[in-house]
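Engineer: From first to last, the protein sequence lines are chains A and B. Residue 1 is where the first sequence starts when you use the working numbering, and the numbers rise one by one after that. Residue 109 is where the second sequence starts when you use the working numbering, and the numbers rise one by one after that.
It should be emphasised that the hints constitute simulated quantities derived from the structure, not laboratory data. Glycine residues also receive a C-beta, built at the ideal position from the N, C-alpha and C atoms. Be aware that a few hints might be false.
[Unchecked claim] These stretches of chain A come out as covered by chain B in the derived footprint (C-beta under 8 Å, 3 or more residues):
(1) 3 to 17
(2) 33 to 42
(3) 67 to 79
(4) 85 to 93
[As the list claims (entries may be wrong)] Chain A is nowhere near these chain B residues, computed Cβ spacing over 10 Å in every case:
(5) 137
(6) 151
(7) 180
(8) 182
(9) 184
(10) 189
(11) 206
(12) 213
(13) 215
(14) 218
(15) 219
(16) 223
(17) 229
(18) 241
(19) 283
(20) 293
[What the hints assert, rightly or not] Facing chain A, a subset of chain B residues (Cβ under 8 Å, in silico):
(21) 168
(22) 171
(23) 178
(24) 179
(25) 183
(26) 186
(27) 212
(28) 214
(29) 216
(30) 294
(31) 295
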Amino acid sequence: MTPLTEASYYILISLIEPLHGYAAMQKVERLSHGRVRLGPGTLYGALRNLQAAGLIKPVGDTSEKSRRKVYAITERGRKVIVEEIARLEEMVAHGKMLLASGGATDDR
Amino acid sequence: MTDNARSMKRCFRLFWAWQEEREAQWLQQMALRGWSLKEVQGIRYTFERRVPEKVVYRLDFKESATGELEEYLQLYREAGWECVTRLGNWFYFKRPAGAGTEAELYTDNASRLERYRAQLRMMLIAGLPVYLFSVVLYPPVLYPLIVRSSVGGWLRTLHLLVLVVAAIHAVAVGRIVAIIRRLERDPRE
């Protein structure tokens, strides 16, 4: 699996709790204090791609006036998040290390 | 241009597929002058008399126009974008200028790329018959037919016309490919 885009990553983690698309977007914006703002085109595309990859799925929600589709993360989606977090942590660690050492790696 | 009882206005304007920004700007200027877009049919734009308003127009391209249409429009509506009208796969959205929410439909290059790739796919499929006909109608191909008939001159004219359409189409494809290339070269996601 190729790395997730920032938009897809944030939508995916916001769907750990089942939400409809726009609510997920609002949650992402709140969570990132307004840094990550998603246009509806980007949001719609991310939802479709995540669903096609089997990382989220629509869940039946009859309580709401069910015109809005509610999505939830799948088991596969959870696995991808865990992998993604490990990858991001590694990226951050490498960046910090090279900035601190002036570019030298410690493996020589 | 005709004004019917000053409540409706029809304009004929031609915008090519790569001129969507210019088209949106024109619609914004019309809205500022009190003409609100109602319908687009080919090159015919119908406007309605309204209070002059400062709005933002954006055109979106959606590849499959039928599937999930309700969800698509709902998401855009919730994000503050009203779908004014559509022309095939093109959707015309507007929202008040300067509202607090995000002003663009696409906020990263990955999704912009997807949108333009979908547009390119559709253009290539739509253009296929034109290219096919420009070969089929090529006089030497039709030569056995033309020699004995009086339709030769007419076919030649038709072929020329098809060639012009094919040339314009090729320019449009080139422009969209250029946009895709530029996005692909951008190291940002």
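Engineer: Does each hint hold? Answer for all of them.
Structural biologist: Taking the hints in turn, this is what the structure says about them:
1. Only when three residues or more bring their CB closer than 8 Å to a CB of chain B does the claim for the region 3 to 17 of chain A stand; here the count is 3, and the claim holds.
2. Counting residues of the region 33 to 42 of chain A whose CB falls under 8 Å from any CB of chain B gives 6; the rule of at least 3 is met.
3. Counting residues of the region 67 to 79 of chain A whose CB falls under 8 Å from any CB of chain B gives 3; the rule of at least 3 is met.
4. Counting residues of the region 85 to 93 of chain A whose CB falls under 8 Å from any CB of chain B gives 0; the rule of at least 3 is not met.
5. Residue-level check passed: residue 137 of chain B sits 23 Å from the nearest beta carbon of chain A, beyond 10 Å.
6. Against the 10 Å criterion, residue 151 of chain B stays outside the reach of chain A, whose nearest CB is about 25 Å from its own CB.
7. Under the 10 Å C-beta cut-off, the non-interface status given to residue 180 of chain B relative to chain A is violated; the minimum distance is some 6 Å.
8. Consistency note on residue 182 of chain B: stated as away from chain A, yet its beta-carbon is not over 10 Å from all of that chain's, at 6 Å minimum.
9. Not every CB of chain A lies more than 10 Å from the CB of residue 184 of chain B, the least distance being 4 Å, so the non-interface label is violated.
10. Non-interface call for residue 189 of chain B relative to chain A: violated, since the shortest CB-CB distance, roughly 6 Å, does not exceed 10 Å.
11. Look at residue 206 of chain B: its CB is around 15 Å from the nearest CB on chain A, clear of 10 Å, so calling it non-interface holds up.
12. Distance check for residue 213 of chain B against chain A: the nearest CB is about 4 Å away, which does not clear 10 Å, and the non-interface claim fails.
13. Look at residue 215 of chain B: its CB is around 4 Å from the nearest CB on chain A, not clear of 10 Å, so calling it non-interface is violated.
14. With a least CB separation of 5 Å from chain A, residue 218 of chain B falls inside the 10 Å interface cut-off, contrary to its annotation.
15. Distance check on residue 219 of chain B: its Cβ comes as close as 4 Å (rounded) to a Cβ of chain A, failing to clear the 10 Å threshold; non-interface status is violated.
16. The claim that residue 223 of chain B is not at the interface with chain A is violated, since a C-beta of that chain comes within 10 Å of its own (minimum 6 Å).
17. With a cut of 10 Å on Cβ distances, residue 229 of chain B stays outside the contact zone with chain A, its closest approach being about 15 Å.
18. With a minimum CB-CB distance of about 34 Å to chain A, residue 241 of chain B clears the 10 Å threshold, and the non-interface call stands.
19. At the 10 Å boundary, the C-beta of residue 283 of chain B stays outside the reach of chain A, the nearest C-beta of that chain being 20 Å off.
20. No Cβ of chain A comes within 10 Å of the Cβ of residue 293 of chain B; the nearest lies about 17 Å off, and the non-interface call holds.
21. For residue 168 of chain B, the interface hint holds, the least distance from its beta-carbon to any beta-carbon of chain A being 6 Å, beneath 8 Å.
22. Of the supplied interface hints, the one on residue 171 of chain B is violated, with its beta-carbon coming no nearer than about 10 Å to a beta-carbon of chain A, more than 8 Å.
23. Given hint, residue 178 of chain B at the interface with chain A, holds; its Cβ is 7 Å from that chain's nearest Cβ, closer than 8 Å.
24. The closest approach between the C-beta of residue 179 of chain B and any C-beta of chain A is roughly 5 Å, which is under the 8 Å cut-off, so the hint is satisfied.
25. For the restraint placing residue 183 of chain B at the interface with chain A, the shortest Cβ-Cβ distance is roughly 5 Å, inside the 8 Å limit, so the hint holds.
26. A cut of 8 Å between beta carbons decides the hint on residue 186 of chain B: the least distance to chain A is about 4 Å, and the hint holds.
27. The criterion of a C-beta within 8 Å of any C-beta in chain A is met by residue 212 of chain B, whose closest approach is roughly 5 Å, and the hint holds.
28. The criterion of a C-beta within 8 Å of any C-beta in chain A is met by residue 214 of chain B, whose closest approach is roughly 4 Å, and the hint holds.
29. Taken as an interface hint, residue 216 of chain B checks out: its beta carbon lies about 6 Å from the nearest beta carbon of chain A, inside 8 Å.
30. At its closest, the beta carbon of residue 294 of chain B sits 13 Å from a beta carbon of chain A; the interface hint therefore is violated under the 8 Å criterion.
31. A distance limit of 8 Å between C-beta atoms decides the matter here; for residue 295 of chain B the minimum to chain A is near 14 Å, and the interface restraint is violated.
Going through the hint list in order, the structure does not satisfy hints 4, 7, 8, 9, 10, 12, 13, 14, 15, 16, 22, 30 and 31.
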